[in-house]
Amino acid sequence: MTLFPANYLFLNLFLHFPAGGTQNQNKRHHPLDLNTLKGHGDSVTALCFSSDGRSLATACGDGVIRVFKLDDASSKSFKMNLPAGGHPTAVAFADDASSIVVACHTMSGSSLYMYGEEKQKEDQAKLPLPGIKWERHNIHEKRAVLTISGATATYGTADGSAVIASCSEGTDIILWHGKTGRNLGHVDTNQLKNHMAAVSPNGRFLAAAAFTADVKVWEIVYLKDGSVKEVSRVMQLKGHKSAVTWLCFSPNSEKIITASKDGSIRLWNINVRYHLDEDPKTLKVFPIPLCNPEGNPLHYDRLSLCPEGKILAASHGSTLQWLCAETGNVLDTAEKAHEGDITSISWAPKAIRIGERQTMVLATAGADKKVKLWEAPKSQSL
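All the letters of the sequence shown, read from the start, carry residue numbers -21 to -1, 1 to 361 under mature numbering (1 follows the signal peptide of the UniProt record, and there is no 0).
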């Protein structure tokens, strides 16, 4: 099942141009720029892809969640209005494209809403829009939710349910069951303030980037019936000299990439026997290839590793870069990817067909009320 009724608006998503270019092509400021999804009424605060790569959800400051259905050359889209007065800060799919979890902030605190399919009544000509299936209020007291990270728990005895981590601007992180909204546990980074948190693709680990230089990693321990027994801290990544701004897991959940204000990127191996006190290992250290006008190194605000694990997308302000994940070499740069700060970046989990070829697609959101879709740099560049 899917959130997308067949009779909703059909929009052209990917632009196709003949060889040699056209006037429309000349308007695009970067060769990897595929298209811009417009229509957002305010800054786009977050975006995410569904696990099948066919759906893209965006959260916007205008209080609306928009969902786009991605095909090889088209999209269907619809809008879901959040309860009045709420400012959406994060969004994640739960399980599949049939349910979406949204974090919303008001003066009284943060709430989570899960939207799911509504059954069509016999006298309805059109399929109904998704409705709220569960909601949780004041989940982090009055603190805002910075990020939501979701993953399908497939490790060990996990039952395949979606695990959602909500990371507050304080030091607390809460785990939720995606379909039911049940609280699965919480952790405290004790690192002054969080920057973000992520759940590994297999649902085994939770890692947080925070104000200090170390990255804490917890294991989500499952019982034989698939339920969560506990969330216990098992590792600490030590090596950065300053605050870690962002991190992401490798597709196989065995590595973590971190970016820090010390001007470096680190690749870590977390596939270690931590129960025998074996520490995670730094595999590689790369300098962040960005400097300010005075020549001082800058830091990355956000990271996203492509599903093949070969290309790392990273952003600082309005600048977007693609790096080789093995060498740290810059594959391409879009200096003004958005007309304002980039607020969210994410790779589609699967290749998308464009014309007669398959390509990995990166989505970026910005304070300029736009969502952009980018083609991956050519593989031979690696």
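Treat each hint with caution, since some may be false.
As the list claims (entries may be wrong) - Here are the computed lysine-lysine pairs in the BS3-like style, where the Cα-Cα straight-line distance is at most 27 Å:
1. 58 to 329
2. 289 to 329
3. 260 to 315
4. 240 to 289
5. 158 to 121
6. 240 to 208
7. 208 to 158
Claimed, not checked - The following label-pair restraints were derived from C-beta to C-beta distances:
8. 107 to 271: 26 to 36 Å
9. 337 to 114: 30 to 40 Å
10. 108 to 329: 34 to 44 Å
11. 208 to 287: 43 to 53 Å
12. 260 to 202: 28 to 38 Å
13. 133 to 190: 42 to 52 Å
14. 230 to 135: 10 to 20 Å
Simulated from the structure, these hints should not be mistaken for lab results.
Every residue, glycine too, gets a C-beta built ideally from N, C-alpha and C.
* Can you give the numbers of the hints that this structure goes against, from lowest to highest? -> 3, 6, 8, 10, 11 and 13
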